[in-house]
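*Asks:* Taken in order, these protein sequences are the chains called A and B.
Here my numbering = 1-based position in the first sequence + 50.
256 is the number that my numbering gives to position 259 of the second sequence; each next residue is one higher, with no gaps.
Some hints could be false.
On the chain A side, residues computed to face chain B include the following (Cβ under 7 Å) [claimed, not checked]:
| id | residue |
| --- | --- |
| 1 | Gly101 |
| 2 | Asp293 |
| 3 | Gly297 |
| 4 | Lys400 |
| 5 | Ala416 |
| 6 | Arg417 |
Some chain A residues judged to face chain B by a derived CB distance under 7 Å, without partners named [what the hints assert, rightly or not]:
| id | residue |
| --- | --- |
| 7 | Asp100 |
| 8 | Arg316 |
| 9 | Pro323 |
Derived from the structure by calculation, the hints contain no laboratory data.
Each residue gets a CB set at the ideal place from its N, CA and C atoms; glycine is no exception.
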Amino acid sequence: MDLRQKLEILADAAKYDASCASSGTAKRDSTRGGLGSTEGMGICHAYAPDGRCISLLKILLTNACAFDCAYCVNRASSNVRRARFTVAEVVKLTLDFYRRNAIEGLFLSSGITRSADWTMEQLVLVARTLREEHGFQGYIHLKTIPDASPELVEEAGRWADRLSINIELPEAGSLKALAPEKDLSEIKKAMGGLRARIEGAREDLRTARRAKAPRFAPAGQSTQMIVGADASDDATILGTATDLYAGYRLKRVYYSAYSPIPDASRALPPIAPPLVREHRLYQADWLLRFYGFSREEVIAGGEGGMLDLSLDPKTAWALKHRADFPVDLNRAPRERLLRVPGLGAKTVDKILATRRHSAIRAEDLARLHVSLPKVLPFVITADHRPRLLDSGGLRERLIPGTAFVAAARPVQMSLF
Amino acid sequence: MGMAAVLPGPADFAAWRGAARGMLAAGVPPEDTEWRVAGDAPSLFAEAAPPPASSGAHVPRAFVDLAEIAIRHADPERFALLYRVLWRLTHGEPALMQVATDADVVRLHAMAKAVKRDAHKMHAFLRFRQVETEAGTRHVAWFEPDHHIEDAEAGFFVRRFAGLRWSIVTPRRSVHWNGTDLSFGPGGRRQDVPPDDAVEPLWRAYYAAIFNPARLKPGAMRAEMPRKYWRNMPETAEIPRLMAEAPRRAAEMLSRDATAPRPNPQRLHPPGRADVEEAMDLLDAGTDPKAALAALARELAGRNDLPDFARRATQMVFGEGPVGAPLFFVGEQPGDEEDIQGRPFVGPAGRLFDRALDAAQVPRDEAYVTNAVKHFKFTPTGKRRLHQSPDAGDIAYYRPFLLREIGIVAPRLLVGLGATALRALTGKAVPVMKARGTILPGPEGLPVFATVHPSYLLRLPDEEVQRREYARFVEDLRAAHAQAAA
Ligand code: SF4
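Based on the provided sequences and hints, a complete structural model is requested.
*Replies:* Structure, rendered in structure tokens:
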């Protein structure tokens, strides 16, 4: 099998992992040798027709796997073609693509063959070769195998910018049913271990031992949860996400709509991927982390533990809490402004700065590129008072008329 | 009469600043100025050049930062706009930059934003091609930026590709890096850059394979990667085919017969170390108290009727210490750090407890430590998990396991640290402050020594009170130690 065929198989096998971020790591460059740089901000070097950002060379070392996770294209019982890269091949592909400015770095994962440690060792070897032999300064994201030995995890963290362990499903029960070889508590313990090491390394950097402090995954850890493969509702998904953020200080939880795969398992028949639901979960996640919403509040915007699919979760919440509105843009404190549908954190800060010098009027909002039909029903300005707030038809008016596909922004860019 | 400034380059901020200072010093209002770049057609009216001025007016940093970027914008009005804002800042509107809704400020921000986006897209979408020359390997790229960003962004490519020798050619400018020095030259043509390179077929194959046909969203792709960039990106040649094939590929995946899962999923190895240990523990549990403790821990961790909060914890945290230790300390529940490490008393309260034990000269091998509740109960708030006190039901659930733990360790004295522990040990609510330092009747006729939980000491706001209470806590531990030895 030639390199191109392997690349096709092993990229195809990796594409169901939504993570492709290359942001948030330490600043590095190649002015004192080596190849590459990282400057804090992630870069999407291309976009595929699925709207997803291509930032890293995202591949599996091998798609042979001893596990039989029903949702996964690489599971042992699947009939897909199998391939394996050598360490040297992955290193060369990474450097070749990087020199052409096509990628920010490498996101390497693998099916589990032989043993957890053997698999982890191969991943670590690729990263070590890139860093030590080629002075590679670009971004490296390694998938971590929960059962791998502590020494290997330690070394992975030395070479990688980011480590991740996928939680896969929001509940222990569904994981047991669909990924019989995986164990939620082992996964959480491994995440806890990563958190302890990441925080330890940061602590060392702050103290006197700075020079000698061993690096450990400066861009932190992330995880992915599959949406729609089990019966979990949005309340459960967001509950698990908040626990993960709080417990293991994750940089990101990726929500990945369960997607049809070439050779699906009878245990989990293929469905059209719930893309709108995935999008709403990302929006809700954003509200939880940056807008001071609690999980209960976000969920209250929908019905029966599910988010409202036809409205963004902030508008959905506002419609159910009309008594909290209208908000006076010239008087309300920051926390209240952040709750206004259609106002982002940056716009809120601009409003706060501006209103100290002149009263905010409706036309000012247009200048700040705010969507007026979305915002005006909920706010008071110097020249505007909403009239429709009590009307039953308000919800219908707020549902975007355009098709979801046209309205949806690619998730990746808005979430860096 | 008006004044005209001729700037040497299209994005020369230093030259613009020099001219603007001169005009400002001469009191020339914005409507009387004209701005050109060397080489532009001169205006029909004779105008004076701005006089040199040594120092400028004080303006907000925010303006300078924004102006340095906005000046790279292709809009010919940019110099005049910058001068107008400068004029207004120095003529009665010092806070202008904070008025985010002012038309000039909005425009300035929009220009800076367009320049930054252009730069970001250049970092992202520029593709080098590798060429072999007599002088060695070179990397060459053709790129068409919207704004005058070539000089400003050269540094990005130097930092990233310092070890390569490369050139970037645009319609207006070329940038060359020879491994040590940067040089600039005139613009070029697309034909100046070689059309293909051996790695491109691989890159295109990757691009095609990473695309998921079941998630077709071309609008989202175009929003971030507008068509105008496509012609200089080799992988975009795949887009028409990928889009045309996507519906059929997705339909095929949905309609194909599914494969049966493996009947007996196996762990990778024959029984691992942990499994062997488990079997041994069970065998020994009858005779070896250490094995009995391990078996008890496993039994509790494996129960399927655990309270809901237990499922959200990372792991169960069982007791630690030598079997037969005369002192058996019971705390409330594991905290955040204990939950992560899987060991009791390793968080802030645990460290304080350790210090106090040392101060009271209680030897470590005489103390067994555990908690009344063995999973961390918390409420998540952003990046933290806030400890939530266990309620009577939680305590009751774990109590039988605590009693069995006590039975195996067989201590001489139980020490209840705080209300939860005392409730678990005595079976009823005990007012800690009143009971502190006294002995209460415990399970199996064992005495229970009551004191506070070390986290109580951490919560005291006043340092003086904290010191006094800590000393009292050490006294309590010493008394308990003496009591156990008696
Ligand atoms: S462990 Fe499960 S999810 Fe990972 S590659 Fe193997 S089958 Fe897929």
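*Asks:* None of the hints should be skipped; say for each whether it holds.
*Replies:* Structure-based check of all given hints:
A distance limit of 7 Å between C-beta atoms decides the matter here; for A/Gly101 the minimum to chain B is near 3 Å, and the interface restraint holds. At about 5 Å, the closest approach between the beta carbon of A/Asp293 and any beta carbon in chain B falls short of 7 Å, and the interface hint on this residue holds. A least Cβ separation of about 6 Å between A/Gly297 and chain B falls short of the 7 Å threshold, and the interface hint therefore holds. Hint on A/Lys400 holds. Least Cβ distance to chain B is approximately 4 Å, under the 7 Å limit.
Here the hint on A/Ala416 is broken, as its CB sits about 9 Å from the closest CB of chain B, past 7 Å. About 5 Å separates the beta-carbon of A/Arg417 from the nearest beta-carbon of chain B, less than 7 Å, and the hint is met. Satisfaction of the interface hint for A/Asp100 is found here, the shortest Cβ-Cβ separation to chain B being roughly 4 Å, below the 7 Å cut-off. Interface hint status for A/Arg316: upheld, as the beta-carbon distance to the closest one in chain B is roughly 4 Å, under 7 Å.
The beta carbon of A/Pro323 comes within 6 Å of a beta carbon in chain B, closer than 7 Å, and the hint placing it at the interface holds.
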